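Engineer: The chain contents come next:
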Amino acid sequence: MKFSIVIYAAPYSTESAASALRFAESLIQQGHELYRLFFFGDGVHNASKLTVVAQDEINLQLQWSKLIEEHDIDSVICVSSALRRGVLDQTEADRHGLGAASAYESSEVAGLGQLVDASLHSDRVVNFG
Amino acid sequence: MSSLHTINRSPDSKLLERCLKVINADDAILFLEDGVYHCILPTNLSAIAETVKVYSLREDMLARATLSKTKDRVEAIDTARFVGLCCEHEKVVSWF
Amino acid sequence: MVEKTNTTNPTKSCITFISRSAPYGSNRANLCLDMALACAVFEQDVNYVFLDDGIYQLLKGQDGAAIQNKTLGSALETLALYSIENVYVDQQSLKERGIDAAELLPSIKLIENDALSRLIKNADLVFNL
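Chains as they are written, first to last, in my numbering: chain A, 1 to 129; chain B, 130 to 225; chain C, 226 to 354.
Only chain A is shown next, with the shape it has when bound in the complex (with noise of 0.2 Å):
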């Protein structure tokens, strides 16, 4: 089956991304397709690569992005969400006269149409807030 799944929290704030990181990796091995993440609101921090965790301590911005690597996801951070919170892709960085991209490479920064896209695609979609 197809999933997609919406991202709202901001990490380590509340459980909510830690769940849907289980939910995704669980979704992926059991054979069904992640067709979208979209990340949307706080829910964007949880693309940015600019960050320490302790050592004996999840790292979930990582997890996410070596999951969306490993099984090739196609990975959106809503683009009006991510500015505003400071997490810039290399292009918008640029666009915007920015020091340094803050977003894992795994992730695109796009607009609302690709949750309309999802929606549309995908035979489930599940909600993380």
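Hints are computed from structural coordinates only; laboratory data are not their basis.
Because the structure is a prediction, the values reported are computed rather than measured.
Misleading hints may appear alongside valid ones.
Derived Cβ-Cβ restraints for the label pairs, each shown as a range [what the hints assert, rightly or not]:
#1 C:Val266 with A:His71: 26 to 32 Å
#2 B:Arg193 with C:Asp288: 42 to 48 Å
#3 C:Ser342 with B:Lys200: 21 to 27 Å
#4 A:Gln55 with C:Ala326: 55 to 61 Å
#5 C:Glu321 with A:Arg84: 48 to 54 Å
#6 C:Phe267 with A:Arg84: 20 to 26 Å
#7 B:Leu149 with C:Thr296: 44 to 50 Å
Straight-line Cα separation of at most 27 Å, DSS-like style, residue types lysine-lysine; simulated pairs [stated by the list, open to error]:
#8 B:Lys143 with B:Lys198
#9 C:Lys320 with B:Lys150
#10 C:Lys285 with C:Lys295
#11 B:Lys150 with C:Lys334
#12 B:Lys198 with A:Lys2
#13 C:Lys334 with B:Lys143
#14 C:Lys237 with B:Lys143
#15 C:Lys237 with C:Lys285
#16 C:Lys237 with C:Lys334
#17 C:Lys334 with C:Lys285
#18 A:Lys49 with A:Lys66
#19 B:Lys182 with B:Lys198
#20 B:Lys200 with B:Lys143
#21 B:Lys182 with B:Lys143
#22 B:Lys182 with B:Lys200
#23 C:Lys285 with A:Lys2
#24 C:Lys295 with C:Lys334
#25 A:Lys66 with A:Lys2
Backbone N, C-alpha and C fix where the C-beta goes; we use that ideal spot for every residue, glycine too.
Assemble chains B and C onto chain A, guided by the hints.
Structural biologist: Using the frame of chain A, we list chains B and C on its own:
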């Protein structure tokens, strides 16, 4: 068109109360994260219609030391089964 | 009441939005609105329901500028411009909060639990925040 309703906040959130006002008889409820605290007190669950299946995420209950306190009305499931439930219901309505 | 129901057309789905959060104090009301407008732009069938604290979004006379914010009430008036005509407010939520329908923005239909239940049941997808 049955729905799986997920609730991830404790009973204080009143999300279950709200969900029950609009739930359909063939729907199911899954408690996860702090939502699993609903499952240790029968009065939290008494308003749920008998036709509505009730699930709770085992990993979250283990973390919170509530698994052994969980009432029979509730079926403990793992994340893999959560995915399965999403397939069995036409859509997922998340209350958060 | 004419309720839009799910359709077999793969380019069009029926999406019910339940907006349950008050404006300004959090961005959830804005996120919900942004998603609905995007769905409408891509010509999806949208139902929009104000429930619980979400009903505060509909109060007339809001002035977001007082706190350096956009006025959400004005944004909601644009729903019709995006062809979102199925806009509902939960009658019981109004009653519980001592708000009279006359205090709200116009063109919003009063709804009760049974009807909301059907809007959830008959939708392809529900966004609920």
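Engineer: None of the hints should be skipped; say for each whether it holds.
Structural biologist: Hint-by-hint comparison with the structure:
| no. | hint | verdict |
| --- | --- | --- |
| 1 | C:Val266 with A:His71: 26 to 32 Å | holds (30 Å) |
| 2 | B:Arg193 with C:Asp288: 42 to 48 Å | holds (43 Å) |
| 3 | C:Ser342 with B:Lys200: 21 to 27 Å | holds (26 Å) |
| 4 | A:Gln55 with C:Ala326: 55 to 61 Å | holds (57 Å) |
| 5 | C:Glu321 with A:Arg84: 48 to 54 Å | violated (34 Å) |
| 6 | C:Phe267 with A:Arg84: 20 to 26 Å | holds (23 Å) |
| 7 | B:Leu149 with C:Thr296: 44 to 50 Å | violated (34 Å) |
| 8 | B:Lys143 with B:Lys198 | holds (21 Å) |
| 9 | C:Lys320 with B:Lys150 | holds (15 Å) |
| 10 | C:Lys285 with C:Lys295 | holds (14 Å) |
| 11 | B:Lys150 with C:Lys334 | holds (19 Å) |
| 12 | B:Lys198 with A:Lys2 | violated (35 Å) |
| 13 | C:Lys334 with B:Lys143 | holds (25 Å) |
| 14 | C:Lys237 with B:Lys143 | violated (34 Å) |
| 15 | C:Lys237 with C:Lys285 | violated (33 Å) |
| 16 | C:Lys237 with C:Lys334 | holds (24 Å) |
| 17 | C:Lys334 with C:Lys285 | holds (16 Å) |
| 18 | A:Lys49 with A:Lys66 | holds (12 Å) |
| 19 | B:Lys182 with B:Lys198 | holds (18 Å) |
| 20 | B:Lys200 with B:Lys143 | holds (19 Å) |
| 21 | B:Lys182 with B:Lys143 | holds (19 Å) |
| 22 | B:Lys182 with B:Lys200 | holds (13 Å) |
| 23 | C:Lys285 with A:Lys2 | violated (42 Å) |
| 24 | C:Lys295 with C:Lys334 | holds (25 Å) |
| 25 | A:Lys66 with A:Lys2 | holds (20 Å) |
Violation of the numbered hints given earlier is confined to hints 5, 7, 12, 14, 15 and 23; the remaining hints are satisfied by the structure.
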